[in-house]
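Enquirer: Read top to bottom, the protein sequences are chains Y and P. Residue 178 in the working numbering sits at position 178 of the first sequence, and the numbers go up by one each step. Counting the second sequence from 1 gives a position; the working numbering is that position plus 402.
No lab work stands behind these hints: they were computed from the structure. Heads up, a few of these hints could be off.
[To be verified] Cβ-to-Cβ under 10 Å is the rule here; a few derived chain P residues that face chain Y:
#, residue
1, Tyr508
2, Met539
3, Gln542
4, Tyr544
5, Leu548
6, Ser760
[Unchecked claim] Restraint ranges, calculated between C-beta atoms of paired labels, are given here:
#, chain 1, residue 1, chain 2, residue 2, range
7, Y, Pro100, P, Ser697, 24 to 34 Å
8, Y, Ser105, P, Arg735, 28 to 38 Å
9, Y, Arg148, P, Ala479, 50 to 60 Å
10, Y, Glu104, P, Gly730, 19 to 29 Å
11, Y, Arg148, P, Ala695, 48 to 58 Å
12, P, Arg733, Y, Arg62, 21 to 31 Å
13, Y, Lys174, P, Arg735, 44 to 54 Å
14, P, Ala695, Y, Glu104, 28 to 38 Å
15, Y, Pro100, P, Ala695, 22 to 32 Å
Nothing here was measured: the structure is a model prediction, and the numbers come from that model. Ideal Cβ placement from N, Cα and C applies to all residues, glycine included.
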Amino acid sequence: MKARLKAGGMLGLLLLGMMGGGLGHAAKKPERAQVVRKANPEEQLTEIYNDLAKHDLSAAQRKADALVEAYPNFRLAHLIRGDILLMHTRAVVNLGAAVPPGSESRLADLRREAAVRLQVERPAPALLPRALLQMRKDQRHALIVDARHSRLYLYENRNDGLRLLQDFYVSQGKLGINKLKEGDMRTPVGVYYIVGRLPGVKLPDMYGKGALPLDYPNDWDKVQGRGGSGIWVHGTPPETFSRPPLSTDGCVVVSNDDLNFLTRTVEIGKTPILIGDQVEFVSKDQRDKDLRQAAGLVENWRREVEKRDDASLKALYSPRFKSSADEDISAWLARNQFLPGAKKISVTVNDPSYFRQPSQEEMIVSSFTQQTIVGKFRHVVRKKQYWAKEGKTWKIVAETNV
Amino acid sequence: MKLAAPKMLYLTLALVIGATAHADEFADVSKLAKAGKVAEALNKTNEYLSKHPADAQMRFMKGVLLAEQNKSAEAIAVFTRLTEDYRDLPEPYNNLAVLYAAQGQYDKARAALEKAIRTNPSYQTAYENLGDIYGKMASQAYDKALALGVTAPPGKSNLTMLRTFSSSTGGKIAVMQAAAPAPAPIPTPAPTPAPKLAAASATISAAAKPVPVPAPVTAPAPLVATLPSPAKLAVAPAPAPAPAPVKVAAAPAVVPKPTPAPPSPPAPTPKPDTTERDAVMAQVHGWAKAWAAQSVDTYLGYYSAQFEPPKGLTRKAWADERRARIEGKGRIRVEVASPEVNVTGNTARVTFRQTYESDRLTARSRKTLLLVKNGGKWQIKQEVSN
Numbered sequence: 001m002k003a004r005l006k007a008g009g010m011l012g013l014l015l016l017g018m019m020g021g022g023l024g025h026a027a028k029k030p031e032r033a034q035v036v037r038k039a040n041p042e043e044q045l046t047e048i049y050n051d052l053a054k055h056d057l058s059a060a061q062r063k064a065d066a067l068v069e070a071y072p073n074f075r076l077a078h079l080i081r082g083d084i085l086l087m088h089t090r091a092v093v094n095l096g097a098a099v100p101p102g103s104e105s106r107l108a109d110l111r112r113e114a115a116v117r118l119q120v121e122r123p124a125p126a127l128l129p130r131a132l133l134q135m136r137k138d139q140r141h142a143l144i145v146d147a148r149h150s151r152l153y154l155y156e157n158r159n160d161g162l163r164l165l166q167d168f169y170v171s172q173g174k175l176g177i178n179k180l181k182e183g184d185m186r187t188p189v190g191v192y193y194i195v196g197r198l199p200g201v202k203l204p205d206m207y208g209k210g211a212l213p214l215d216y217p218n219d220w221d222k223v224q225g226r227g228g229s230g231i232w233v234h235g236t237p238p239e240t241f242s243r244p245p246l247s248t249d250g251c252v253v254v255s256n257d258d259l260n261f262l263t264r265t266v267e268i269g270k271t272p273i274l275i276g277d278q279v280e281f282v283s284k285d286q287r288d289k290d291l292r293q294a295a296g297l298v299e300n301w302r303r304e305v306e307k308r309d310d311a312s313l314k315a316l317y318s319p320r321f322k323s324s325a326d327e328d329i330s331a332w333l334a335r336n337q338f339l340p341g342a343k344k345i346s347v348t349v350n351d352p353s354y355f356r357q358p359s360q361e362e363m364i365v366s367s368f369t370q371q372t373i374v375g376k377f378r379h380v381v382r383k384k385q386y387w388a389k390e391g392k393t394w395k396i397v398a399e400t401n402v
Numbered sequence: 403m404k405l406a407a408p409k410m411l412y413l414t415l416a417l418v419i420g421a422t423a424h425a426d427e428f429a430d431v432s433k434l435a436k437a438g439k440v441a442e443a444l445n446k447t448n449e450y451l452s453k454h455p456a457d458a459q460m461r462f463m464k465g466v467l468l469a470e471q472n473k474s475a476e477a478i479a480v481f482t483r484l485t486e487d488y489r490d491l492p493e494p495y496n497n498l499a500v501l502y503a504a505q506g507q508y509d510k511a512r513a514a515l516e517k518a519i520r521t522n523p524s525y526q527t528a529y530e531n532l533g534d535i536y537g538k539m540a541s542q543a544y545d546k547a548l549a550l551g552v553t554a555p556p557g558k559s560n561l562t563m564l565r566t567f568s569s570s571t572g573g574k575i576a577v578m579q580a581a582a583p584a585p586a587p588i589p590t591p592a593p594t595p596a597p598k599l600a601a602a603s604a605t606i607s608a609a610a611k612p613v614p615v616p617a618p619v620t621a622p623a624p625l626v627a628t629l630p631s632p633a634k635l636a637v638a639p640a641p642a643p644a645p646a647p648v649k650v651a652a653a654p655a656v657v658p659k660p661t662p663a664p665p666s667p668p669a670p671t672p673k674p675d676t677t678e679r680d681a682v683m684a685q686v687h688g689w690a691k692a693w694a695a696q697s698v699d700t701y702l703g704y705y706s707a708q709f710e711p712p713k714g715l716t717r718k719a720w721a722d723e724r725r726a727r728i729e730g731k732g733r734i735r736v737e738v739a740s741p742e743v744n745v746t747g748n749t750a751r752v753t754f755r756q757t758y759e760s761d762r763l764t765a766r767s768r769k770t771l772l773l774v775k776n777g778g779k780w781q782i783k784q785e786v787s788n
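With these hints in hand, go ahead and build the complete structure from the sequences.
Expert: In C-alpha cells form, the structure reads like this:
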C-alpha cells in the first residue's frame, strides 16, 4: 500500500512509496501517565506527515519551517521541507523529489532514515520486552537496541514493573551487526553494560556531546574470540543532527539531545544495554514463562553445586566452555570450589538478574550473588553465567566471578 | 498573461481624476531610464519627490531605479515604505521579493510575495515569482539536507521586477488620492475609448494627481475598501481580479465589459462568419500549442507587429521576458477552453478560459486576445488577462 497524500489545491499528490503504510501506525504511542514533554524533532516530523495526510500544506510548512529553525542540522527535516516547498507549486511524488543529481547515496541514506523514523512501531502498553526477564532492584534502567529497526528503547525498572520511558532513533555499524573483529564496521550483539561516561569536551568532535562506553567484548565474546573494542553509545558531530541508520564503525549513535538524556539517566556499571535484531515484546505470561525457565536453570545449577557431584555439575556446562583464563571446565570448577573437602554445604543464590539476548542465537545471561556456607565458614561471590541453547538443552558456555 | 489592456482604463482614470502635470515628469524619468541613463533618471525622480514626497508612482519608480543601480538596501527601504503606506498594492511587495531573492533571503521573499498575492489574488507575476522562490528555497533545503555545502550564491534570479504599477493598482492609487481630499469631482466615467497613446506613457500618467497628503499615510488603504463613492464606481470596471489560480476557477469574477478599447471603434454589429472564425481559432490554438511546446520563436510569431506589450515594455524587453519565462520550464501545458469569438472586419476578439500549467505553477484565468488581420493572416494585437 502506498501512502497517498494530497495537500492543497495546487500541489497534487505526494507518494512516498518507500513509506509503505507507515503513516497509520507511526503516530500512536503508548499512553504515558506523566510529564508533558515538548514534541521532539522526530515527533514533529511525524506531525508534519500527518498534516500532509490531512491536506494541510500550510500547517506542514509552518511546522517544517519551525523544525529546521530549531534544528538547523537536521538534514532529514531539510529534505522534507524542500519537498513541502515544492508542493506549493507542483506535485511531489517521492521523498527528495527534486534533489539535484549526483547525491544519490546521501539521498538514499536520508530516505532510509525517514523510513525507520516514520515507521516506528511502539509496543502496545501491555507488552513487555522479552529480553528483560528480571532486573536487579538497584538497576533502575535498561537499554535495548533494536538493530533491525534502528531503535533504542529506554526502560525504567520500577517497583511495580517495567515502563518504557522513551525510544530513540539510533545509527549502527555500516555493515550492520554481529561484530567479530576489529575494524569490521559492525555493531556487536549481546548483553552489555554501560561502564563509563566520557564528556564530549574531552573527545574529538565526531563523538558529539559525549560517550557511554560498553563492556564489549563480554565474557562470551572473549570465549568466542571476538575482537575489537571501543564500542560506545555516543552523540553526533556538530554539523549533523543525526546520522544515517547504517553509518558507524560499530558504535551506537544517537542525537546529542538524546545522548545528554541518556547520560543523565544511566548508572555506570549497572545499566544493561542489550543489542540484537530480534527485539520482541511479549505478554506478561510469556515473559513469566521465560523467567521461570531462566531461574530454573540457575536453580538447577545451585542444587548441583550443593550436591558436590562433579559429574552432574559438569554436565551443565557446554563442551565449548572456557574460562577467561582459558581453563577447561574441570580446572574452572576445581578452582571455584569452596573448601573442597567439606561434605555438607549450603548454597544460596541472591539478587539475580536474567537477560535474554535479543538475537537469533538463544542466550540467557544471569548474574547473581552466590553464597556458600560450610559450617561456620561463609563465602560470597558475584557470578555471571552465559547460558546458550545447545540442541534442546541449555548449557553454560561462559562463567565469570565479578 | 501579463496585464496589458487594463492600462487603458488606468489612463482613463488618471485623466478623469485630473491634473496631468506629473505625467510629463514621469514620462521623462521613464524615458531616461529606458535610455539607460539611470543616474539622471534618479536625480529627476528625487527632484520631483522633494516637491511631492508622497507620490506613490514616483516613489515606486525611485525604488526601481535604485534596484537597477544595485542599491538593494535603499531600494528595499523605498519599497518597504510603500508597502507600509499602501498595503493594498501588490507591486511593491513583488519588487521587495525580487530584491530579497537576489540576496538569497528567500524566506523574506516568500513572505512578501504571499502578501502581494493577498492584496491581489489574481496577481500573475507574484505567482510566477513565488513559484520560482519555492523552487529556490527547496533547492536550498535540499542542499542542507544533503550537506552539499554549496550554499549556492543567490545567482541570477529570473524573478520579474515590475517597472510600473499594473492597471488595477494604478486605479487604486488614483482612487486613494482622489478620495482623500474630499469629494473629488469625479464623473462616473463612461468608458470612453481611451485616446491612443504609447503604452508607456499610458502607465506613467497613472497617479497623475496633485498629491493630496504629503506624509506617509496609513489610512487610505481601508478607505478604499469601504468607499461607496463614485470613485469606487470608477474602479469597478477595472480588470476584475480573476479567480486566484490556487483556488481553482470559480466563475471569473467580472468580465470587464468596456475593456480595451481597440483603436478603431468596434463596429456594434458583429457578423458571425465561420470561415474567419475558424481561421482565428486556428491561430489561437496554434499560439497555445507553440507556447506549450516552448517554441518561443513560433510563439512570438503569433504576435503582430502592432502588438502592445504590457507594462509599457518595449517589444524586445517583452519578448525577452517571455522567452525567459517559457524556455526555462520543464514542461508547459496550455489549454484553451470555451472560447467566444467575435469577428468584426479585420479585428477579432477571442475570450476564453486559459489553463496554464508548468512544472512549477498551475494557473487558470480568463483571457482575451485581440487579433488583427494583416495580409490575410490573423495575429495577436493585444493580450489581456482578466
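Enquirer: Against each hint, give a clear statement of whether it holds in the structure.
Expert: Hint-by-hint comparison with the structure:
1. Tyr508: holds (9 Å)
2. Met539: holds (5 Å)
3. Gln542: Since chain Y brings a Cβ to about 8 Å from glutamine 542 (chain P), closer than 10 Å, the hint holds.
4. Tyr544: It holds, given that the least Cβ distance between tyrosine 544 (chain P) and chain Y is near 4 Å, below 10 Å.
5. Leu548: Cβ of leucine 548 (chain P) sits 4 Å from chain Y, so the hint holds.
6. Ser760: holds (8 Å)
7. Y:Pro100 <-> P:Ser697: 24 to 34 Å: Cβ of proline 100 (chain Y) to Cβ of serine 697 (chain P): about 27 Å, so the range 24 to 34 Å holds.
8. Y:Ser105 <-> P:Arg735: 28 to 38 Å: holds (34 Å)
9. Y:Arg148 <-> P:Ala479: 50 to 60 Å: holds (58 Å)
10. Y:Glu104 <-> P:Gly730: 19 to 29 Å: holds (25 Å)
11. Y:Arg148 <-> P:Ala695: 48 to 58 Å: holds (51 Å)
12. P:Arg733 <-> Y:Arg62: 21 to 31 Å: holds (30 Å)
13. Y:Lys174 <-> P:Arg735: 44 to 54 Å: Given about 45 Å between the Cβ atoms, the range holds.
14. P:Ala695 <-> Y:Glu104: 28 to 38 Å: Between alanine 695 (chain P) and glutamate 104 (chain Y), where Cβ atoms are some 31 Å apart, the hint holds.
15. Y:Pro100 <-> P:Ala695: 22 to 32 Å: holds (26 Å)
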